[in-house]
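Sequence order for the protein chains is V, A and S.
Take 172 as the starting number for the first sequence in our numbering and just add one per residue.
Take 27 as the starting number for the second sequence in our numbering and just add one per residue.
Take 2 as the starting number for the third sequence in our numbering and just add one per residue.
Think of the hints as simulated: they come from the structure by calculation, not from any bench.
Wrong hints could be hidden among the right ones.
[As the list claims (entries may be wrong)] Not close to chain S: a few residues of chain V, all C-beta gaps over 12 Å, as computed: (1) Lys176; (2) Arg625; (3) Cys647.
[Unchecked claim] Simulated coverage check for chain A against chain V, where a stretch passes if three residues somewhere in it have a Cβ under 8 Å from a Cβ of chain V: (4) 46-53; (5) 71-84; (6) 108-119.
If you're wondering where the values come from, they're calculated on a predicted model, not measured in any experiment.
The beta carbon of each residue, even a glycine, is placed where N, CA and C say it ideally should be.
The chain contents come next:
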Amino acid sequence: MEEVKIGIYVCHCGLNIADIVDVEEVTKYATTLPAVVVSRNYKFMCSDPGQNMIKEDIKELGLNRVVVASCSPLMHEPTFRRTIQEAGVNPYLFEMANIREHCSWITEDHKAATEKAKALVSAAVRRVYYHQPLEIKEVPVNPNTLIIGGGIAGIQAALEIADSEHKVYLVERDPSIGGHMIQFDKTFPTLDCSACILTPKMTSVGMHPYIELMTYSEVEEISGFVGSFKARIRKKARYVDEDKCNGCGVCVTKCPWKANSEFDLGLSERKAIYTPFAQAVPNIPVIDTEHCAYFLKEKCRACEKFCELGAIDFEQVDQIVEVEVGNIIVTTGYDSFDPTPITQYGYGKFDNVYTGLEFERICNAVGPTSGKIVLKDGSEPKSVAILHCVGSRDENYHEYCSRVCCMYALKYSHLIKERTDAEVYQMYIDMRCFGKGYEEFYKRLSEEGVNFIRGKVAEVTDRAINEDEQGKLIVCGEDTLLCKTIRVPVDMVILATALEPRSDAAEVAKLLTITQSADGFFLERHPKLDPVATMTDGVFIAGCCQGPKDIPDAVAQASAAATRVLALISKGRVELEAATAVIDEEKCSGCRICNLLCPYSAISFIEDEKVSRINEALCKGCGTCVAACPSAAITHRQFTMEEITAEIEGVLV
Amino acid sequence: MSFEPKIVGFLCNWCSYRGADLAGTARMKCAPNVRIIRVMCSGRVEPAFIVKAFQLGADGVLVLGCHPGDCHYAEGNYKTIRRMSLLQKMLPQLGIETDRVRLDWVSASEGDRFVSIVDDMTEKVRALGPFTKNSDEEKHG
Amino acid sequence: MEVLSPYKEATDVILEAGGEPLKLCYQCGLCTGICPWNLVRSFLVRRIMHEAQLGAIDFGGEDVWTCVTCRACVQRCPRGVEIINVMRAMRRAVASLGIGVVPDALRISAKNIAGVGNPLGEEAEKRNDWAKDLKVKNFASGTEILYFPCCVPSYDPDVKTVARSTATIFNKLKIDYGLIGTEAKCCGEAIRKAGYEDTFQSLAQNNINLFTSNGVKTVVVSSPHCYHTFKNEYPELGGKFEVIHITQYLASLIEQGKLKLSKEINKKVIYSDPCYLGRHNDVYDEPREILQSIPGLELIEFPDARENGLCCGGGGGRIWMDTPKGERFSDIRVEQAVEKGADIIAVACPYCVLNYRDSVLSMGKAETIQVKDISELVAEAI
Ligand SMILES: Cc1cc2nc3c(=O)[nH]c(=O)nc-3n(C[C@H](O)[C@H](O)[C@H](O)COP(=O)(O)OP(=O)(O)OC[C@H]3O[C@@H](n4cnc5c(N)ncnc54)[C@H](O)[C@@H]3O)c2cc1C
Ligand code: SF4
Ligand code: SF4
Ligand code: SF4
Ligand code: SF4
Ligand code: FES
Numbered sequence: 172m173e174e175v176k177i178g179i180y181v182c183h184c185g186l187n188i189a190d191i192v193d194v195e196e197v198t199k200y201a202t203t204l205p206a207v208v209v210s211r212n213y214k215f216m217c218s219d220p221g222q223n224m225i226k227e228d229i230k231e232l233g234l235n236r237v238v239v240a241s242c243s244p245l246m247h248e249p250t251f252r253r254t255i256q257e258a259g260v261n262p263y264l265f266e267m268a269n270i271r272e273h274c275s276w277i278t279e280d281h282k283a284a285t286e287k288a289k290a291l292v293s294a295a296v297r298r299v300y301y302h303q304p305l306e307i308k309e310v311p312v313n314p315n316t317l318i319i320g321g322g323i324a325g326i327q328a329a330l331e332i333a334d335s336e337h338k339v340y341l342v343e344r345d346p347s348i349g350g351h352m353i354q355f356d357k358t359f360p361t362l363d364c365s366a367c368i369l370t371p372k373m374t375s376v377g378m379h380p381y382i383e384l385m386t387y388s389e390v391e392e393i394s395g396f397v398g399s400f401k402a403r404i405r406k407k408a409r410y411v412d413e414d415k416c417n418g419c420g421v422c423v424t425k426c427p428w429k430a431n432s433e434f435d436l437g438l439s440e441r442k443a444i445y446t447p448f449a450q451a452v453p454n455i456p457v458i459d460t461e462h463c464a465y466f467l468k469e470k471c472r473a474c475e476k477f478c479e480l481g482a483i484d485f486e487q488v489d490q491i492v493e494v495e496v497g498n499i500i501v502t503t504g505y506d507s508f509d510p511t512p513i514t515q516y517g518y519g520k521f522d523n524v525y526t527g528l529e530f531e532r533i534c535n536a537v538g539p540t541s542g543k544i545v546l547k548d549g550s551e552p553k554s555v556a557i558l559h560c561v562g563s564r565d566e567n568y569h570e571y572c573s574r575v576c577c578m579y580a581l582k583y584s585h586l587i588k589e590r591t592d593a594e595v596y597q598m599y600i601d602m603r604c605f606g607k608g609y610e611e612f613y614k615r616l617s618e619e620g621v622n623f624i625r626g627k628v629a630e631v632t633d634r635a636i637n638e639d640e641q642g643k644l645i646v647c648g649e650d651t652l653l654c655k656t657i658r659v660p661v662d663m664v665i666l667a668t669a670l671e672p673r674s675d676a677a678e679v680a681k682l683l684t685i686t687q688s689a690d691g692f693f694l695e696r697h698p699k700l701d702p703v704a705t706m707t708d709g710v711f712i713a714g715c716c717q718g719p720k721d722i723p724d725a726v727a728q729a730s731a732a733a734t735r736v737l738a739l740i741s742k743g744r745v746e747l748e749a750a751t752a753v754i755d756e757e758k759c760s761g762c763r764i765c766n767l768l769c770p771y772s773a774i775s776f777i778e779d780e781k782v783s784r785i786n787e788a789l790c791k792g793c794g795t796c797v798a799a800c801p802s803a804a805i806t807h808r809q810f811t812m813e814e815i816t817a818e819i820e821g822v823l824v
Numbered sequence: 027m028s029f030e031p032k033i034v035g036f037l038c039n040w041c042s043y044r045g046a047d048l049a050g051t052a053r054m055k056c057a058p059n060v061r062i063i064r065v066m067c068s069g070r071v072e073p074a075f076i077v078k079a080f081q082l083g084a085d086g087v088l089v090l091g092c093h094p095g096d097c098h099y100a101e102g103n104y105k106t107i108r109r110m111s112l113l114q115k116m117l118p119q120l121g122i123e124t125d126r127v128r129l130d131w132v133s134a135s136e137g138d139r140f141v142s143i144v145d146d147m148t149e150k151v152r153a154l155g156p157f158t159k160n161s162d163e164e165k166h167g
Numbered sequence: 002m003e004v005l006s007p008y009k010e011a012t013d014v015i016l017e018a019g020g021e022p023l024k025l026c027y028q029c030g031l032c033t034g035i036c037p038w039n040l041v042r043s044f045l046v047r048r049i050m051h052e053a054q055l056g057a058i059d060f061g062g063e064d065v066w067t068c069v070t071c072r073a074c075v076q077r078c079p080r081g082v083e084i085i086n087v088m089r090a091m092r093r094a095v096a097s098l099g100i101g102v103v104p105d106a107l108r109i110s111a112k113n114i115a116g117v118g119n120p121l122g123e124e125a126e127k128r129n130d131w132a133k134d135l136k137v138k139n140f141a142s143g144t145e146i147l148y149f150p151c152c153v154p155s156y157d158p159d160v161k162t163v164a165r166s167t168a169t170i171f172n173k174l175k176i177d178y179g180l181i182g183t184e185a186k187c188c189g190e191a192i193r194k195a196g197y198e199d200t201f202q203s204l205a206q207n208n209i210n211l212f213t214s215n216g217v218k219t220v221v222v223s224s225p226h227c228y229h230t231f232k233n234e235y236p237e238l239g240g241k242f243e244v245i246h247i248t249q250y251l252a253s254l255i256e257q258g259k260l261k262l263s264k265e266i267n268k269k270v271i272y273s274d275p276c277y278l279g280r281h282n283d284v285y286d287e288p289r290e291i292l293q294s295i296p297g298l299e300l301i302e303f304p305d306a307r308e309n310g311l312c313c314g315g316g317g318g319r320i321w322m323d324t325p326k327g328e329r330f331s332d333i334r335v336e337q338a339v340e341k342g343a344d345i346i347a348v349a350c351p352y353c354v355l356n357y358r359d360s361v362l363s364m365g366k367a368e369t370i371q372v373k374d375i376s377e378l379v380a381e382a383i
């Protein structure tokens, strides 16, 4: 082996490091370490002059290992690896000592910080000594993309990618795409008609030559890695032949059996064979086997008789489709919080207490009341209270703010004012109108004469204490600005319910090996600088599955995720993890312990030779198998026993 | 001057190392006694590393990974749990007080948790005093 | 215009005295809306939290003493503020640091407790007199169960029946139980909430030493207040024994088939959840199970039951303070019970027994409705 020549560069990071750590002392100390040829310090190592300093030393002094003592490797390891690579040194012959995040920023004790910095430098030097050059392998990126969830976010991402003539598989669980947005009547703050802006996009998705739309379908299994994933998708039986059906809907008209409409949240009925709403994409009905007379009692078949195209197919079975894609975008959205557990608000107990989403349907021109804002008995409400933060900003339910409720509450106030003569009360804690045009919308509603009462409602009751309250719902709480407890008798109560993670978010996370943050939404790679990527390369998130947000934000994220995917497609290849594990087949006893441990099934047993072997393309380099091998037959590149021992020795100087 | 223990920390790259970074980025103050070695996953931590650390002069060893269920490699940390509980049982035989070794979880967003674990561990090890066990005895252990 | 000058010293007093969680309050006002006081008078819990945050508390005012520690607000506070701890901290500031006025009635009870170990000011030696003719043995090491009746049933002539019924049931079932010597003192739960921390500490130490030196392993209590402090507060001070509320104990005996209730009580019974059994300790089902296993008895519920149950007004030391007519929660409760057509209000707490019996008498409803502790009903039905 050629002689090891190590160069050390201690960064001041302006004053971030140098203020606490004595960089001169560390630099001097480094010269005493084995194989160190040069040791320098500089104001900003990551700047061009800093990097050039390293490059020049490599040229002049023949360095073949480099240590930079500065910030976290998660910040600048890629930068310096590139630097030495440009100077002709294998990028893996590099090590970083984190003397900022783990040292100068966590203590004010100069002496302790300097000692710790020395130890970290000594560890890095000892470890880099044993580093071996690693080969960077690349694999091609499959240009197809899988998008899971066909709400506005999924639709947006699908169209952006497909418009660049790359194939998209869009998988939607419901019979139609559209998500929550298609349930709305108007959208804040502009009050555009939701269907008017969304249906054209839905139609484009349905007709796009580069989008293969799979509705009434779910992804069951994902394998592989960035660039080449395989997905197994279950297309549930619709009992209607998609190729034959032309969407005439005669089957729906003729079907004599009914069930509650999911789309209208149980506020209306649909048939046993149905499309969730008139503008559904695709416009192909499904048979709900739990309510169809044929599936329940083996009689009827009315739909079949009337369908002239013979599209009804009672023999249809679920289909399993396998697709290969290079990237995945998850856009599974949110669930609306169920307020039943907050018994004091009387949801489910009183007739005229509604959730936000239910009220969207009531407002909707094609909803159960044809857009008339009416009570259960059909009469118009004379007063309506909207309760904010139901399930949000509340440790007993969700600690976070759902971000859109204040705004949709204002939207409702407007719609109620526009369509009825009712008094409207907004019972809020804080008005959060942060977006573009939102504060202006709030102002407009104030002008429209809405009553704003500051205080979280304690109870909604029907126990009247005077004449005026008879037959009303009485909203009780404190008006915190008046410093008085109040009782407001109203006819209708709307609960501005929270947005929460999908009930199956944990399973979806597992399927994709992505993580959830403490609130249950999917975790982005970095909250500020990498909001649509996840810790799993090639898997992106957009829309409300990442956290509550409004439509503009969901769309922006979707476009961002699409761009990230397109960037990978256009580059055409991805680097594989180089620090993988390898089995020394001489030492392997064939015990197979490692085979089961590997989370990526990268290890297989070679029957003929009675040894285990690692598929380098699949290995992600976690090291679990290495630690478990009883014969010490597995080596983890860059994390060998030798390297770690040297590092331990180093930190303990 | 009071005794300043040396603690070796093995932190996984995906959660705990980021949590430790966050503590720094947020300028939280904590005991400077834990010296961090980054591994890709807590599942990489072999009992041998820990024993080695004590042989080489550590007074304590802290292993941090992602919360169970959150391991970047799906289930590496479950392996760690099993391995560490076996090791915990063997520690007395090796003449190492069980309080000198700790396995815990810190997510990428838990800078504060990282700080409290480090401070707590440092205090405990400080109370135990320096680890003194010559390698001779270890062989008999 | 009023100048806001945060009275930092006062805030520090609250913080020091254990009011730390109040920082989290975001002034939503939910607590005020929930607090039962607002059924009868104004009590702006939220504003007190804000005053405490800014150190602008009126230590001389009566708000400091109003809270009955029923926990209705804490249970639902969206920020998890331990409102009761804040109230307790303010009282501590007054009681121990002398920066306000302690109500007379409370001061007398506190003096009694500190002096003779019970709020009624009775002689310590008479603590077990209620059991004189019942042949109850003294607890000795090896006795299975210590029965600890609470000061009220031990001394109050009107509530003694609670303790006596319990002893009668235990005797009939031949349960191995005993009473601890007369050195026992008040459990201290309520006086602690009233702000007398030092008194509580010395009572707790006394009882812990007494129980420990006698080898007590299991304590059965009649009062949810004893239950609460023995179970949740004594362990921190070194007192570790199994604590069982009488309703839990009787329900388990019924389930095991050891206690059979055969005599009919053909009455409509409405059960009122004591705050310290329900909201503070999540025991809701056992009392109902017992009542339902009494033959002939019809169990009905208040409009606000279980988690939403209305307090009797006796918690947090309020049992010793005067509540003017028109502001008594127990009056509201009795009215509701009568309206529901109940013959008996069943309770499982000596304070509730006191308050409801008072209300029934002062409202002139003695002919219509009775107040009974569950142990009394069981003794009748056995
Ligand atoms: C009452 C209410 C009113 C609102 N009003 C407005 C407004 O006026 N203006 C505004 O800007 N924002 C509004 N919002 C917010 C708006 O709803 C969201 O920003 C938007 O719907 C987010 O879109 P999305 O695509 O992320 O999620 P979603 O709309 O929830 O779509 C997700 C889609 O994924 C599908 N899916 C879920 N899981 C799976 C799976 N495992 N496999 C396959 N498919 C799956 C679902 O069926 C759904 O079609 C409102 C929200 C609420 C609750
Ligand atoms: S067979 Fe089923 S879906 Fe078809 S018309 Fe009858 S009930 Fe409706
Ligand atoms: S290092 Fe991890 S990913 Fe690679 S083969 Fe071993 S267990 Fe599998
Ligand atoms: S309920 Fe909690 S957060 Fe709201 S005002 Fe009361 S103490 Fe503050
Ligand atoms: S504990 Fe009960 S009495 Fe005290 S403030 Fe809360 S709700 Fe009111
Ligand atoms: S990656 Fe953190 S424990 Fe496995």
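- Task: Three residues minimum, CB to CB under 8 Å: does the segment 108-119 of chain A make the cut for coverage by chain V? Let me know.
- Result: violated (count 1)
- Quick check: the segment 46-53 of chain A, covered by chain V? Criterion 3+ residues, Cβ under 8 Å. n = 6 at 8 Å, threshold three: holds.
- Message: If I take the minimum Cβ distance from V:Cys647 to any residue of chain S, is it greater than 12 Å?
- Response: Contrary to the label, V:Cys647 does not stay out of reach of chain S, its closest Cβ about 6 Å off (not over 12 Å).
- Are at least 3 residues of the segment 71-84 of chain A within less than 8 Å of chain V when you compare beta carbons? With 9 residues closer than 8 Å to chain V, the segment 71-84 of chain A meets the three-residue bar; holds.
- V:Arg625 clear of chain S by more than 12 Å, beta carbon to beta carbon? 8 Å, violated
- Run the C-beta distances from V:Lys176 to all of chain S and say if the shortest one exceeds 12 Å. 57 Å, holds
Comparing the model with each earlier hint shows violations of hints 2, 3, 6; every other hint is respected.
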